[in-house]
Amino acid sequence: MAKVSVTPDPFVLVNYDSGVLASLIEKVASRVGVPDDVEIAIEVDEALPRPLIASYVDVDATSGGQGRVSIWCSGGNFEHPQYPRRFDDAGAEVKLAVDLTRAADRLGGFADAPPDSELSERQREAWDTSAAGRVARLGYAVREPLVRYHFRLSNGFGDAVDAVYERLWGADTITWADLDAACTETAAADARPTPKTRPGAQGASLRR
Amino acid sequence: MKKMFPAEELARDSRFVRNKIEDAVFDPRNQALGKRDMGSAKLDPNRPAAAERARALMHGIFTGEIQALEGAGRTTFDFDETEVPLKLKLDMARQCWDESRHCEISVKLGDWMGSEIGEFAEQTFLYQAACAEDPVLRLTGVNRALEGLAIDVFNTMKEFGELSGDPVLAFCEDWMLADEVTHVKMGSDWLRRLTADDPERRERALEFQRTVDKLFSLGGFRGENEDNPIHLARRFRELAGFTDDELEELVKVSEESKAEAEAMSAAVQDA
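Order-wise, the sequence lines are chains A and B.
Start counting at 1 in the first sequence, then tack on 472, and there's your number in my numbering.
Start counting at 1 in the second sequence, then tack on 323, and there's your number in my numbering.
Here chain A stands alone, though its shape is the one from the complex (with noise of 0.2 Å):
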């Protein structure tokens, strides 16, 4: 089972409890493929609550080789929606589905893919709709037309968009280059006048 540690330790500002959000990432990071002797670090910025919701999944080197994977993530992605500052379960471990997913991405095929600080939104969303597709084939229970708005959003609205979206979802193996193809793909269809580029921004001014 992966090592994870959790900071702050204690939340003072929501009612999150760290030992309940270091069970469910091991649960969860078990269950998505992390391998288990992969250090896991993830730091809880509470004060940052829905909808200002942002996280970073990466990878650091460590000594013995494996890697330990780091996520900064606000507060907001485990907040209940109809209760302020309490901590929702179901959604929680969904967002941490995709987020481990994604870090097991980085261990594996992923490992020439830019840090998270360096991704533009597109390809962020575009790789969120990837892990989000294979977690939903794993049995958790993702929201498809949530997951559909945040990369119609970021990648254009349009059918050519829509056939990458569901090519992306539908993929139950991908790398790096498929991932970037895929976003070179949208962005030539996209025909808005100021498509999103600005790399970071899931979370560039939210992070601190």
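Don't read these hints as lab results, they were simulated from the structure.
Watch out, some of these pointers could steer you wrong.
Just the calculated beta-carbon pair ranges, DEER-fashion [as the list claims (entries may be wrong)]:
(1) 362/B - 555/A: 25 to 35 Å
(2) 562/B - 649/A: 52 to 62 Å
(3) 482/A - 585/B: 26 to 36 Å
(4) 329/B - 532/A: 49 to 59 Å
Here a beta-carbon is modelled for each residue, glycine too, at the ideal position from N, C-alpha and C.
Mind docking chain B on chain A? Use the hints.
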């Protein structure tokens, strides 16, 4: 049927959860956030978490439409024809029809954006503002203040749809915006007619409108700066009967509301 129906008894199914505005005002995270440079608060597709901001706002619009329907519906029923002209009640009935359509559009827009009915908590202070015992206060509190806010919100969402290239959102918001201009105009026209010989009553009604406007500025939610997620739609408000002086006053009310909310939050944290 009960007249002057209380907000606590509004019918909702188990998908809906209500919370209070105080929960948001006294949230301990506010002070921590207030110390950070969060950049522009304007709803913009190029801002971080734009999709979630838009979804949350859209759900707020949806519950607002339900309450606007309930409020206009109550005005057709709560007063007899010695208190309000039948033609005013017919205008309110027409507004009910519009609000019903807006509810349906909002549900479909929620589906389009991946949201679920009741996903976010509902606050009922919109309906509460529609419960005044004097029908003229409802014209200012609901038709001029709240439907005026709806003009600002729909215009902001329409711009968001246009900027993000979302044809469905931009189209739907544009159509709903047109209805809201009509609702505000109804309020302006009826206020003038019903208080033509009673300036004191008109002033009371306008004072109530100022109170509601301040409440719905929600600590800087609406205004004309980058700090304000919702921007004042001056042109559409002019079409709905707002004067330049009234628009300037609205900007001032928004600034006051923001300053008071910040002071209140700081006082709570210091206590």
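Here is how each hint holds up against the structure:
In this structure the supplied range 25 to 35 Å holds for residue 362/B paired with residue 555/A, their Cβ-Cβ distance being about 27 Å. About 53 Å separates the C-beta atoms of residue 562/B and residue 649/A, a value consistent with the hinted range of 52 to 62 Å. For the pair residue 482/A and residue 585/B, the supplied restraint of 26 to 36 Å holds, since their beta-carbon distance comes to about 28 Å. At roughly 57 Å, the beta-carbon separation of residue 329/B and residue 532/A lies within the given 49 to 59 Å, and the hint holds.
Going through the hint list in order, the structure satisfies each hint without exception.
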